[in-house]
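Undergrad: Could you fit the two chains together into a complex? Lean on the hints.
In order, the protein sequences belong to chains A and X.
Counting along the first sequence from 1, when you hit position 83 you're at 83 in my numbering, and nothing is skipped either side.
Counting along the second sequence from 1, when you hit position 2 you're at 2 in my numbering, and nothing is skipped either side.
Check the hints yourself; a few may be wrong.
Claimed, not checked - Heads up, simulated DSBU-like pairs for lysine-lysine below, C-alpha to C-alpha not over 30 Å straight-line:
(1) A/Lys-106 <-> X/Lys-11
(2) A/Lys-106 <-> X/Lys-14
(3) X/Lys-11 <-> X/Lys-78
(4) A/Lys-106 <-> A/Lys-68
(5) A/Lys-106 <-> X/Lys-57
(6) X/Lys-57 <-> X/Lys-78
(7) A/Lys-106 <-> A/Lys-52
(8) A/Lys-52 <-> A/Lys-77
(9) X/Lys-57 <-> X/Lys-11
(10) X/Lys-57 <-> A/Lys-52
(11) X/Lys-78 <-> X/Lys-14
(12) X/Lys-78 <-> A/Lys-106
(13) A/Lys-68 <-> A/Lys-52
(14) A/Lys-68 <-> A/Lys-56
(15) A/Lys-60 <-> A/Lys-106
Stated by the list, open to error - Here are some of the chain A residues that sit facing chain X, going by a computed Cβ distance under 7 Å:
(16) Tyr-39
(17) Gly-43
(18) Leu-44
(19) Gly-97
(20) Asp-100
Said to hold, decoys possible - Non-contacting residues of chain X with respect to chain A, defined by C-beta distances greater than 10 Å in every case (computed):
(21) Ser-7
(22) Arg-22
(23) Glu-68
(24) Gly-109
(25) Val-115
It is worth saying that the hints were derived from the structure and are not from the lab.
Bear in mind the structure is a predicted one, so any value in this text is a computation, not a measurement.
Think of the CB as a built atom: it goes at the ideal place given N, C-alpha and C, for glycine as much as any other residue.
Next come the chains, spelled out residue by residue.
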Amino acid sequence: GNSVTQMEGPVTLSEEAFLTINCTYTATGYPSLFWYVQYPGEGLQLLLKATKADDKGSNKGFEATYRKETTSFHLEKGSVQVSDSAVYFCAHNLGGGGADGLTFGKGTHLIIQP
Amino acid sequence: GAGVSQSPRYKVAKRGQDVALRCDPISGHVSLFWYQQALGQGPEFLTYFQNEAQLDKSGLPSDRFFAERPEGSVSTLKIQRTQQEDSAVYLCASSLAGAPGNTIYFGEGSWLTVV
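Excised from the complex, chain X in its bound form (with noise of 0.2 Å):
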């Protein structure tokens, strides 16, 4: 597709359960970010790769937050056990190289709600 591709649009989970959150970047792009923002803030920086390598996780908030990218391409981000403080939108994004001033493309996101 032309552009950053997210799904499900919409989640909602019962506290306790898993999700998954797929995304699938722009084709040819090598570094691949998720954020997640929660209502009326902005952004925040959750994990980075550079094609499959995870380079930068230190924004997971905890260890029940997983994210891969095992063929450079399509990347998951894994919720387990989820919380009530969890419900916010997963953003993910692509660019083409790791260099400052590189465009930054956008998902629509990835709203969860968990009940």
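Excised from the complex, chain A in its bound form (with noise of 0.2 Å):
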């Protein structure tokens, strides 16, 4: 079936930390790939995506590459701030939902002390 893995958290790092958060997927098919975030009090935002395989997406210093040979779209950031504390998101544009539906991992809590 079509799922989204991603790491458990919560993860908590110090400022200025290098950051992964692992994201790996099942398809059957060729999906697009997405990190969202979920600030306290607010809505879903998309961070970034990637649409086909060896695509970066980037943005806010953040980053995750579509390797369709581990299914996988870890998402990095070099220098963490304690700003995006926030709970991050992967997901995929196979499942329900026609062409944009979205089928989301659970999301991992990430905590950054100053």
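TA: Here is the structure:
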């Protein structure tokens, strides 16, 4: 079936540390891949996306590369800030809801300490 | 408005009550989605509209859940005879058109607590 698996949280890091949040997917087809972020008290926002193999999505210092051979889309950032504290969701667009419908992972709560 | 707007933001319902949750998508957006997000989980797909047509309702958990979008804009998700397991955040999202890789915009959600 179609699913997304991401690392369990919470992930607690110090400011300026390197961040990796792992994400792998299963899909019967060739999905687009997404990272969404949910800041406290706010709705889900698209952070970055990649639509085909070997594409790299990037935004706000975050990046993720679409790896078809390992079915992965790991999120990385070289130096995290306190303001990056949020819940991060990996997703693909195969599953219910036509071409745009998203299948999400369970989310990873990231806590950055000053 | 500039974004997807949902109301009410918070709703407490007694078990057995009916509730209606409203979604105002971004103007001109063809596609509209409803998701359910339980505490500590990722959003789960419920249903999808393209204009006024409900093209996919495979995620609705029971026949107590009903969604409509009669004029292809505002949508309402109705839950009849609410149960405690219905407690969750209900997210509405919209996108411009059904093409792979389109950006989907989410509302802030309606937090439903069934007591």
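Undergrad: All the hints need checking, so say for each whether the structure fits it.
TA: Hints, verified against the model:
Of the supplied pair hints, the one linking A/Lys-106 and X/Lys-11 holds, its CA atoms being roughly 24 Å apart against a limit of 30 Å. Distance hint between A/Lys-106 and X/Lys-14 is fulfilled; the C-alpha atoms sit about 28 Å from each other, no more than 30 Å. Restraint check: the Cα-Cα separation between X/Lys-11 and X/Lys-78 comes to about 13 Å, which is no more than 30 Å; the hinted pair holds. Distance check on the hinted pair: A/Lys-106 and A/Lys-68 sit about 21 Å apart at the alpha-carbon level, within 30 Å; holds.
With a C-alpha separation of about 21 Å, the suggested pair A/Lys-106 and X/Lys-57 falls inside the 30 Å cut-off, and the hint holds. Proposed proximity of X/Lys-57 and X/Lys-78 is supported: the alpha carbons are some 13 Å apart, at most 30 Å. Straight-line distance between C-alpha atoms of A/Lys-106 and A/Lys-52 comes to about 23 Å, which keeps the hinted pair within the 30 Å bound. Simply put, A/Lys-52 and A/Lys-77 have alpha-carbon atoms about 21 Å apart, close enough for the 30 Å limit, and the pair holds.
The suggested pairing of X/Lys-57 with X/Lys-11 holds, with an alpha-carbon distance near 23 Å, which does not exceed 30 Å. Taken as a hint, the X/Lys-57 and A/Lys-52 pair is honoured in the structure, with Cα atoms around 28 Å apart against an allowance of 30 Å. As the CA atoms of X/Lys-78 and X/Lys-14 are separated by approximately 15 Å, the hinted pair is consistent with the 30 Å bound. Simply put, X/Lys-78 and A/Lys-106 have alpha-carbon atoms about 25 Å apart, close enough for the 30 Å limit, and the pair holds.
Our distance criterion of 30 Å between C-alpha atoms is met by A/Lys-68 and A/Lys-52, whose separation comes to about 8 Å. Note on A/Lys-68 and A/Lys-56: the hinted pairing holds, with a Cα-Cα distance of about 12 Å set against a maximum of 30 Å. The suggested pairing of A/Lys-60 with A/Lys-106 holds, with an alpha-carbon distance near 22 Å, which does not exceed 30 Å. Look at A/Tyr-39: its Cβ only gets to about 11 Å from chain X, farther than 7 Å, so that hint breaks.
For A/Gly-43, the interface hint holds, since its Cβ comes within 7 Å of a Cβ in chain X; the closest pair sits about 4 Å apart. The restraint placing A/Leu-44 at the interface with chain X holds, with a minimum CB-CB distance near 4 Å, inside the 7 Å limit. Interface restraint check: A/Gly-97 against chain X, minimum CB-CB distance 4 Å, threshold 7 Å, status holds. For the restraint placing A/Asp-100 at the interface with chain X, the shortest Cβ-Cβ distance is roughly 5 Å, inside the 7 Å limit, so the hint holds.
The claim that X/Ser-7 lies off the interface holds: its Cβ sits roughly 13 Å from the closest Cβ of chain A, which is beyond the 10 Å cut-off. Once the 10 Å rule is applied to beta carbons, X/Arg-22 is consistent with being away from chain A; the minimum gap is 15 Å. Once the 10 Å rule is applied to beta carbons, X/Glu-68 is consistent with being away from chain A; the minimum gap is 17 Å. With 10 Å as the threshold on Cβ separation, the claim that X/Gly-109 sits away from chain A is violated: the shortest Cβ distance comes to roughly 6 Å.
Against the 10 Å criterion, X/Val-115 stays outside the reach of chain A, whose nearest CB is about 23 Å from its own CB.
Checked against the numbered hints listed earlier, the structure breaks hints 16 and 24; every other hint is satisfied.
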